[in-house]
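Trainee: Sequence:
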Amino acid sequence: MPKLEQFEIKKYWQIFSGLKPIENKVNHDQVLPILYNSKLDSSVLNKIWFLADIDDDDNLDFEEFVICMRLIFDMVNKNISSVPDELPDWLIPGSKVNLIKERKKRKQIENADLPPKKEIKVDWYMSPDDLNQYEKIYNSCAKLTDGTITFNELSTKLSTKFFNISKTDLNKVWSLINPQNLPSIDRDPTFYFIHCLRQRNDLGAEIPASLPNSLAEVCNKKQLSYDLRSSQPPTKRKEEANEVDNLRDNGQNSSSDNSGSNVLSNENSIKQKYASLTDDQVANMREQLEGLLNYKKSEKTQGGSKLSKRINIRSITDDLDNIEQQVEVLENYLNNKRHELQALQAEIN
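Read in order, the letters of the sequence shown correspond to residues 1 to 349 in the working numbering.
Just so you know, these hints were derived from the structure itself, not from any lab.
Please note that the accuracy of each hint is not assured.
What the hints assert, rightly or not - Derived DMTMM-like pairs (lysine to aspartate or glutamate); straight-line CA-CA distance at most 25 Å:
no.	residue 1	residue 2
1	Lys136	Glu153
2	Lys337	Glu347
3	Lys11	Asp74
4	Lys104	Asp55
Produce the complete structure using the sequences and hints provided.
Mentor: Laid out in structure tokens, this is it:
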């Protein structure tokens, strides 16, 4: 590591003066833009700040600022591969030598008094206060149209709040709560992402290799796609078509028999069909099922003379299939637009 040159000190003085020091000192917030522009890990920057702040007052005078800048430039220019645990003698200002000696003594005493370090595990329970904090962070993040958040957005946001986590920590926790390696995650995994990193930052908790089963189910759930261009198998549409076919077949088989028992049988059959359908299917199927039921009742009361005027049920069900497909596409399109509107409103707010 080359020693300080006079031109370096002049350059650092220009930067220091530009930060508008108060009583010849700058605080962490004033130096923060320089720290983040270096693109170094927050853990590295924290160690540099600790070494430079020799008097431990959370401010840097010019001599301490020179130490901070020199270590940053050496790391950025790869003159050193890691931040030293202690300052080299040539980088210690003469006025700070006694402070450095006192710091070393304090550190030795503290280390002697410390009990053996125990491994701290992540506690996945989130208190109401935790949830409120995470909700604020979640709401402050820019989201995609489907309401999910990307890794870059989250990591950038958390790097300004958690200074003791590294890029490795961010990547490891992201892989932990995103086992499907999705490009973005929704609300629940986001909360667990923040919660784990917060304990890593505040307590030095070890990042686990796997999630508890209950959390794994939450983080493994599939996200719904609202993309109209996606090629998803039309299973729902097939199921609905099969339901209509079954009802149509029942209607055709019983049209020649006008007994009350057949009508009752059809009513029971329709009720069973309703019970097996999901809520969204019921809304689409209700009208056509009631129409078929009314037709069968009318067929019984009016007698066989009306059979010649029987409606072509196959033609009607084909039309209904087409209408159902159009409604499904339009509903998906509407949901997609609603998500886009919510995202735009969030950006405006």
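Trainee: State for each hint whether it applies.
Mentor: Outcome of the hint check:
Between the alpha carbons of lysine 136 and glutamate 153 the distance comes to roughly 14 Å, so the proposed pair stays at or under 25 Å and holds. For the given pair, lysine 337 sits about 15 Å from glutamate 347 by alpha-carbon distance, which is consistent with the 25 Å threshold. Straight-line distance between C-alpha atoms of lysine 11 and aspartate 74 comes to about 15 Å, which keeps the hinted pair within the 25 Å bound. Pair hint lysine 104 plus aspartate 55 holds up; C-alpha atoms about 12 Å apart against a cutoff of 25 Å.
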